[in-house]
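Participant: Going down the list, the protein sequences come from chains A and B. First residue of the first sequence? That's 1 in this note's numbering, and the numbers climb one at a time after it. First residue of the second sequence? That's 1 in this note's numbering, and the numbers climb one at a time after it.
Please keep in mind that the hints were generated in silico from the structure rather than gathered at the bench. A couple of the hints might just be wrong.
Stated by the list, open to error - Below 30 Å or equal to it, Euclidean Cα-Cα: the simulated DSS-like pairs (lysine-lysine) are:
| no. | chain 1 | residue 1 | chain 2 | residue 2 |
| --- | --- | --- | --- | --- |
| 1 | B | K100 | A | K40 |
| 2 | A | K68 | A | K40 |
| 3 | A | K40 | B | K68 |
Computed from a prediction, not measured in an experiment: that's the story for all the values here.
Protein chains: 2
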Amino acid sequence: MGAAALFVIASGNARAGDAKAGRAKAQLCQACHGVDGLSKVPDAPNLAGQVEGYLATQLRAFKSGARKSEAMTLVAAQLSDQDIDNLAAWYSSIEISVGKLPGG
Amino acid sequence: MGAAALFVIASGNARAGDAKAGRAKAQLCQACHGVDGLSKVPDAPNLAGQVEGYLATQLRAFKSGARKSEAMTLVAAQLSDQDIDNLAAWYSSIEISVGKLPGG
Numbered sequence: 001m002g003a004a005a006l007f008v009i010a011s012g013n014a015r016a017g018d019a020k021a022g023r024a025k026a027q028l029c030q031a032c033h034g035v036d037g038l039s040k041v042p043d044a045p046n047l048a049g050q051v052e053g054y055l056a057t058q059l060r061a062f063k064s065g066a067r068k069s070e071a072m073t074l075v076a077a078q079l080s081d082q083d084i085d086n087l088a089a090w091y092s093s094i095e096i097s098v099g100k101l102p103g104g
Numbered sequence: 001m002g003a004a005a006l007f008v009i010a011s012g013n014a015r016a017g018d019a020k021a022g023r024a025k026a027q028l029c030q031a032c033h034g035v036d037g038l039s040k041v042p043d044a045p046n047l048a049g050q051v052e053g054y055l056a057t058q059l060r061a062f063k064s065g066a067r068k069s070e071a072m073t074l075v076a077a078q079l080s081d082q083d084i085d086n087l088a089a090w091y092s093s094i095e096i097s098v099g100k101l102p103g104g
């Protein structure tokens, strides 16, 4: 049990993204999403402060073809599993804040 | 030409979402995405300040089945075209700000 638990923890650490490496890899993403995660084109979502697990899941879905997008299919094909974790770490690490809600 | 241009403008206005109506409809979304657009569960993305056209496109993709998600397929089936535009108007109207980027 102890050894199994340790393995799980180590595996989790090994898969964790490196935000700094993700920032460098985000050169691939910046034309549409910005290095700052703010959308530069009407079809692309903001990624700044997005949920890390959601970003990684969606990148893997684009890579596998489970989620369709002409642009993202091409980009995700170039990403390793580690790249995906790193990009998710980078974009999720950008702090966003939300002000007073519109209309009250 | 003048009449055609007017039609296009009027059509654009007719399809524009009503953020206030979207805020009310967001009761359907709040358990996962919050009325404030900040994710409440690990699998759901933040929606605050998201690009309006992107939100509408993705909701329509969930509704048509082009984009797969167990939760969103169920929710999107309940949304009219106008609901979709209203929700996109609501969530995109929430202002977000991004601070200094991590690491510099």
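Participant: Look at each hint and say if it fits the structure.
Facilitator: Consistency of the hints with the structure:
1. B/K100 x A/K40: holds, 18 Å
2. A/K68 x A/K40: holds, 20 Å
3. A/K40 x B/K68: holds, 26 Å
The structure agrees with every numbered hint stated previously.
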